[in-house]
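A.B. asks: Let the sequences and hints guide you as you build the complete structure.
Just so you know, the protein sequences line up as chains A and B, in that order.
Taking UniProt numbering as reference, the numbering of the first sequence is continuous, increasing by one, and the terminal residue is 665.
Taking UniProt numbering as reference, the numbering of the second sequence is continuous, increasing by one, and the terminal residue is 465.
Keep in mind that a hint or two might mislead.
Stretches of chain A that chain B covers, calculated by requiring three or more beta carbons in the stretch to come under 8 Å of a beta carbon on chain B [unchecked claim]:
hint	region
1	77 to 88
2	406 to 419
3	471 to 478
4	501 to 515
List time: in silico DMTMM-like cross-link candidates among lysine to aspartate or glutamate, alpha-carbon distance up to 25 Å [said to hold, decoys possible]:
hint	chain 1	residue 1	chain 2	residue 2
5	B	K238	A	E389
6	A	K549	A	E592
7	A	K363	B	E48
8	A	K323	A	D364
9	A	K193	B	E214
If you anchor each label on the Cβ, the simulated ranges turn out as follows [as the list claims (entries may be wrong)]:
hint	chain 1	residue 1	chain 2	residue 2	range
10	A	T556	B	D268	47 to 55 Å
11	B	P160	A	D362	38 to 46 Å
12	B	R319	A	S595	54 to 62 Å
13	B	D268	A	T225	58 to 66 Å
14	B	R274	A	Q325	44 to 52 Å
15	A	G13	B	E106	15 to 23 Å
16	A	T225	B	R274	53 to 61 Å
These are calculated hints, taken from the structure and not from any lab test.
Note that beta-carbon positions come from the ideal geometry of N, C-alpha and C, so glycine has one too.
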Amino acid sequence: MQRRDRGIAQSLGLPLTKRVKESRVLLVGAGGIGCEVLKNLVCSGFGSLPQYYGGEIASEISDMRRPEIVVVDMDTIDLSNLNRQFLFRKQHIKKYKALVAKETASQFNPSVNIDAQSGNIFDDKYDVAFFEGFDLVFNALDNLAARRHVNKMCLAADVPLIESGTTGFNGQVQAIKKGVTECYDCNPKPAQKSFPICTIRSTPSQPIHCIVWAKSYLFPELFGTSEEDSADVTVTEVDNVEEVAKLRIEAEALKTIRGLMGKSEFAQAVFDKVFRDDIERLRGMEEMWLSRRKPEVLCFEQFAPSMDKSEDVVERGRALAMKDQAIWSLAENLAVFSSAVDALSNRTLASPGTPLEFDKDDKDTLDFVASAANLRSHVFGIPLNSEWEIKQMAGNIIPAIATSNALTASLSVLEAFKIMRGASFEQKGVSKLTISHVAPTHNYMVTNGKEGFMLGGSKMVFLNSRSTERMITTQNLVPPQPDCAVCSPVYAKLRIPSNSSATLQDLVTLLQEKLGYEDFSIQADVGIIYDPDLEDNLEKGMIPAGYIKAGNGFLTVVDEGDEGRVDLVLSTSFTPNTTEADPESGLQLMPEEISLPSKHKSVAESNGQAMTTTEATGDASKVAAHFNAKRKRDAEEEVVGAKKRAKADEEVMVVEDDGAILLDD
Amino acid sequence: MAANVPTGATEPIINGTINLPETTNGAMSGVAVNGTSSTTVPGLSADEIALYDRQIRLWGAQAQERIRSANILLVSLRALGTEIAKNLTLAGISSLTIIDDDLVTEEDLGAQYFLREEDIGKPRAAAAIPRIQELNPRVNVVSGGRLSDLIVRDQTFYAPFDCVIACDHDSMTLSVINTAARFANRPFYAAGMHGFYGYIFADLVGHEFVIEREKSNIVTPIAFETLTRSVLSVTTKKENNGKNTEIVKKQEIYCPLILANTSPLPPDVLGSRRKLKSVPALLPCLRALFDFQRTYGRLPGHTSQDLVVFTTLATNKARELQLPSETLRSDFLRSFIQNIGAEIVPTAAFVGGRLSEDVINVLGKREQPIQNFALFDGDSFEGRIYSLYSAPPEIAMATAGLDGTMPMEGMIGMPNGMLMTNGVGNGLIGSNTPAGVSNGNAADAGMVFRPTSAPADGTGVVNLD
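C.D. replies: Laid out in structure tokens, this is it:
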């Protein structure tokens, strides 16, 4: 033990300190939370086993078992990261986050082992076996898809996951363990925010409506692929069928105008189409304006006195576009609109095959959306906004500060201490080599005589920055939702030699013989490949048909029989060596013994346990409500809603509205 | 409306020729309020907006400009100071002055991540400053000299700073700094950590801030909300999304650490069995630790003798706080003692992070600040905040009709004539100052500055009830 370890050894005690040092942990994301988590891990000595351990030289320990912090992040460093991602400096801009994070953090503790990988966590190489190599996984991500993916991989690998997220002053940490706690997907997430098509196209009343119109309708119609694909706008029940039909015709007309691209009159043609002709048509629909202000028609020509040649307008627009804090006047918006159309047209004509996409950091596209949105706002009597503000709404920028990340990351690592202190924590690092392999005991749920005591006393923790009474709010962890499609199945592995000729029939037979399946269906990534009435695929080879892929493939087996056993999810991979494989097909189920309880039984059992309490409110129903109502499209947004409810008992009712507007990813 | 607002009388009078920063930013109140010290700042540059984009989107350009003009004094650069220095430098303050001339030891390297092995034996601040500076070249990070020089400085030293932060020190040193900062009318934060446990103390003298919230149907009254917090004004604005936002300007008044350390729990806690039961044992333990340090000049070790002494102190403190006897469990005491003196980064990151967040908000004059004692327990995930407030003597005495002077014997390290004579906080006296919080405080204040010969059983402490 080095003297630099004195603090951690004194606080954690020697047994836990040893576990921490021998641990092998995965950090997914080296951004705001990730930099802070990495610093905490490095300084606490995670993965810092000395070169010699128990007579073994560290270099001889298998790569998959070496005590180490593995950091995976696919992003590069941007200027706007530097206010909080403190492992990065200005000279690191455009470099890979994972690599620079390792470089800086290694200096905090030279005895720590860090493996930095600038990869995408969805890559095939990050398969279930990869995840199985870790004692703990930390999520420090910024998007829902990756969070859900890592959640599923950790369930399949049966590795505890510490999930975290922040937005503004808010933050949240949640520990997840298969079969013990709720998983990330136990609570359904509402579909992403979408607006009725008529609100966007005919009757906008807020700036966001005009921004969505510019970004998801006008921009793709002119420079990208059509609106049909946009998830921001949907035809809903409130939409008028006839109006929707007319809107289709309107969009078609715009496609014709697209043919003028590159000609000097293009910007004017677009302008007059969308701000004059379309608005005139709308004005004609009297019943629409009985309770609304009629839109005002704009005409390109009316600005003619304030402009000379279109060249100058383009130049003027470019200069104006630099002033993104100011709210541009109507004429200024027109100038920016003209220059953006000019720039985007040139780009489209230069590479005709590649449609442009809106990107908040692509200045031309942002200029276009900001000016078009403001022009439309003017038409409908809606307040105009600065480009800087529009960027936030259009790009779904979530405010992020150093302190919230630091607080959240600190809680993540304190949770890690809790989990690792838990009675049955099974070390995956070196100890697997030095002691004989012990089958997982699955008793993370040591109750300690207390309700909700799981994972060594780990809790769901929320930052509570605006409270006068608490810096954090906690809730006990909750058992899994029995009907969760992601964590209620039994996870097992299916291995196949990479040159196997095994067919779907071979798998069906295997499942029938080994697991006693009768009526059942199999779902692959491509959809349902087998059920009692679907036998067309039986003769297809598992590998040629794409049912089994090298990397992160999953097959779900659903018992359709009366008994209804829980679903079985098979993570598929190629067999490293074929000696143990079934000689017939090479298909091999792991583990050998798979126990599949009845669905009904499992539901009944779990209902008894699914009580929850909260320290903040002492009101279980409130928590349940919040759990069901929240889970928006990102943990960042969850925090806001959760905290509103959790704080309901406090004397100051705090309403937080600095969350971002939910548009898209 | 005005009747409900604390009606301050005079501006604070500060010895010497120190210019006060701009103080009140509204006609509502004559209360001295901490402000940023510089005059007009030119707007943020495009580079600054790009760099600070994600935080400006949270607290706005005006708050960022205030942050940019702020000069901060940080005393002690151990694990907590490391986190605070990092966070404030990232946020983009004007300058950070660090005072820590202790020599770097090998133990320091564990949690003080701006230090390297080659720094062992060098003064801490000097060794770390170049690496802190790297975080943000726009911030001027400098050493403020020696701690022994600091504690004999009067308020003129503190006046140029917009906020003073002191970590890790004993209550005596903290109080000396606190008192001098208070005379300079500067907000003061203290923090300490012991393994999984930590605390933050705030004395912002008088602080005005704005909170924005969605307007509810219930009218926000212009009145006192607590003993220390009042609503000064309410305005509304309509947001882009059609919702109405309420902009509420509030004020908090504070007391110094020497008073907070002997203050009772607030009435709402004392009056509720449930709330009283939930007060963590960490509070009496921290008070006991301050007392132990004052008496013995060191932290308790793991000897049975120290254990007994500390347990007695903690028990007395729990009784003094009127906590139920079951609060102070032996397993917690053992764990607390085990953790004393240890630095671990996750705790430092929380306590230092939360303190930094408060400082940034205070500079930006936004959001509710800590009032006034926050406790963090990283083992049980608890983070309570209690208002341990007793009206400062000048307020207490003015309320009682006294003349505002008070002989204070036994003061150590205090510049002559500094105490009690200059009327800081006169503006805090309001007709609504609650009665009953002012008795006995002057005596308590004196206690802390006694020479360190007090008996270890805590009997020297005046009980407030």
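A.B. asks: Would you check the hint for K193/A and E214/B, treating anything up to 25 Å between C-alpha atoms as holding?
C.D. replies: holds, 21 Å
A.B. asks: Could you tell me whether the CB distance from G13/A to E106/B stays inside 15 to 23 Å?
C.D. replies: holds, 21 Å
A.B. asks: How does the Cβ-Cβ distance of R274/B and Q325/A compare with 44 to 52 Å: does it lie in that range?
C.D. replies: holds, 49 Å
A.B. asks: Would you say the C-beta atoms of R319/B and S595/A sit inside 54 to 62 Å of each other?
C.D. replies: With Cβ atoms ~56 Å apart, the hint holds.
A.B. asks: Can you confirm whether the C-alpha distance between K549/A and E592/A stays at or below 25 Å?
C.D. replies: holds, 22 Å
A.B. asks: Check the hint pairing K323/A with D364/A against an upper bound of 25 Å on the C-alpha distance.
C.D. replies: OK: K323/A and D364/A at ~14 Å, within 25 Å.
A.B. asks: For K238/B and E389/A, compute the direct alpha-carbon distance and say whether it is at most 25 Å.
C.D. replies: The given pair, whose Cα atoms are some 16 Å apart, holds under the 25 Å limit.
A.B. asks: So the hint says 53 to 61 Å: do the beta-carbon atoms of T225/A and R274/B match that?
C.D. replies: For T225/A and R274/B the Cβ distance comes to about 59 Å; the hint holds.
A.B. asks: Can the region 77 to 88 of chain A be counted as covered by chain B under the rule of three residues or more with Cβ-Cβ separation shorter than 8 Å?
C.D. replies: holds (count 6)
A.B. asks: So does D268/B sit 58 to 66 Å from T225/A, Cβ to Cβ?
C.D. replies: holds, 60 Å
A.B. asks: Quickly compare the C-alpha distance for K363/A and E48/B to 25 Å and report which way the hint goes.
C.D. replies: Holds, at about 18 Å.
A.B. asks: Take the C-beta atom of T556/A and the C-beta atom of D268/B, compute their distance, and say whether it sits inside 47 to 55 Å.
C.D. replies: holds, 54 Å
Consistency note: the structure conflicts with earlier hint 4 alone.
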